[in-house]
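Engineer: Going line by line, the protein sequences match chains C and L. Under the working numbering, the first residue of the first sequence is numbered 1, with each subsequent residue one higher. Under the working numbering, the first residue of the second sequence is numbered 1, with each subsequent residue one higher.
Because the hints were derived from the structure by calculation, they are not lab data. Note that the structure is predicted; figures quoted are calculated from it, not measured. Backbone N, C-alpha and C fix where the C-beta goes; we use that ideal spot for every residue, glycine too. Misleading hints may appear alongside valid ones.
Listed next, the stretches of chain C that the computed footprint assigns to chain L, with coverage defined by at least 3 CB atoms under 8 Å from CB atoms of chain L [unchecked claim]:
no. : segment
1   : 88-94
2   : 167-174
Facing chain L, according to a computed beta carbon distance under 10 Å, are these residues of chain C, among others [stated by the list, open to error]:
no. : residue
3   : Arg-53
4   : Pro-84
5   : Gln-102
6   : Pro-162
7   : Phe-235
Sample of chain C residues at the chain L side, in silico, Cβ under 7 Å [to be verified]:
no. : residue
8   : Leu-159
9   : Pro-163
10  : Gln-216
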Amino acid sequence: MKPFLVLAFITVAGAQSLFGQEEFASSLDTDLQFHLAPLKAREDSLPPSVVRRLLPQNMSLMEKGLWGENGILRTTGIASPLTPQVRKSELSLRRAMLTAHQIGGFLTLASMIAAVYYGQKSLLDPNSGQRNDPYRNPHQFFVTSTFVLYSATGLLAVLSPPPLIRRDEISTTTIHKTLAWVHFIGMVVTPILGSTILKRGPIGRYVDLNQARFHQISGYVTVSALAASMIVVTF
Amino acid sequence: MLLAAAAITGAQPRIAETLQGECWISYRLVHPLHAIEAKSLSPEYKVELDPTTKEIKTVTAQVDVTTFDSGNSNRDSHAMEVIDALTYPDVEFTSTSIVQKDDSLFVTGKLTFHGVTKEITMAGTAQWQSNRLDVFGAFTIGLTEFKVDRPSLLMIPVEDKLSFTLAAAFSWK
Chain C
1 MKPFLVLAFI TVAGAQSLFG QEEFASSLDT DLQFHLAPLK AREDSLPPSV VRRLLPQNMS
61 LMEKGLWGEN GILRTTGIAS PLTPQVRKSE LSLRRAMLTA HQIGGFLTLA SMIAAVYYGQ
121 KSLLDPNSGQ RNDPYRNPHQ FFVTSTFVLY SATGLLAVLS PPPLIRRDEI STTTIHKTLA
181 WVHFIGMVVT PILGSTILKR GPIGRYVDLN QARFHQISGY VTVSALAASM IVVTF
Chain L
1 MLLAAAAITG AQPRIAETLQ GECWISYRLV HPLHAIEAKS LSPEYKVELD PTTKEIKTVT
61 AQVDVTTFDS GNSNRDSHAM EVIDALTYPD VEFTSTSIVQ KDDSLFVTGK LTFHGVTKEI
121 TMAGTAQWQS NRLDVFGAFT IGLTEFKVDR PSLLMIPVED KLSFTLAAAF SWK
């Protein structure tokens, strides 16, 4: 049975309420402004208060939809309403998820390299495509484990609570995320290409080497992108 | 008489005006894979000085920890997590003794970081001009002495040593 891969991500865009600041001073009558003057003077003499944001301004759609002030996790009661204490817990959860993401990344890379190794061996084997191909089963095993590990590792990053700070910048994290798109596309395309390799002919099943070449290249590009995305965060 | 009055007022320690655009503080943290440097351009320094004797009397400083920028906000956010920036948003310093010899400067005082107060000494230089003072300094602390769990990348923790360098400029009339 040919394996077929379907990945679906539901992106929930959180609605952000915009509150305009009212110009109270202009609406106050002169008499009231006079009575408020000493209070205003006192406020002016205090050091400026720093407004500390609990959520970064430029959250992704996924983060806003899940973890925003009106995100689905808060409106459904899965996450508590936003307070500094709650946010501290979310940052701890984020750290735990991202640590697991790092461990998952190593395991996924190891599994993917093994899948590529056995795939290459299978392709070079004289029994390639036949039931007695000794490398076919190990290749399939590591393909499955790569898919499971990759999905879990990716979800840990995508679903983690947003960081405290996010600036518009190009950093190693930006490159890491860009490469993530490359290996994500590779993870979708490679098994689809793999499912088209085996053909049925008049004397039984055979490997279509032209199709195998695309699958092979896609596999190597995917594993390279995954390795590069891990290496880049060390800079 | 005017000269005498000027001499008297000149001898009084005064709070110098901080030249905000010229002040910064940076930290350096070393991980086996790379070194991290982050800079804050908005530290709040305050010095009380005597321009006539070229003496710095007191120093206070405060930095909002979220203003440190290493060029990677994800990494900065991780740093904010480990130092619990939501509970301890500021690093504060108050001098207890200041030793000056020529251009050399040693400022000892209480540093409050991550809710822990420790005595530290900053070594630096003080360059006096007619109505301006430029200070450059450096000091090092240990993360664990301030009860900060060392952050890690790829399961490898950073070194314990956290080195700060700073620049401050002040003027008076």
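Engineer: Now, for every hint given, state plainly whether the structure supports it.
Structural biologist: Okay, the hints, checked on the actual structure:
no. : hint    : verdict
1   : 88-94   : holds (count 4)
2   : 167-174 : holds (count 5)
3   : Arg-53  : holds (9 Å)
4   : Pro-84  : holds (5 Å)
5   : Gln-102 : holds (6 Å)
6   : Pro-162 : holds (9 Å)
7   : Phe-235 : holds (6 Å)
8   : Leu-159 : violated (16 Å)
9   : Pro-163 : holds (3 Å)
10  : Gln-216 : violated (29 Å)
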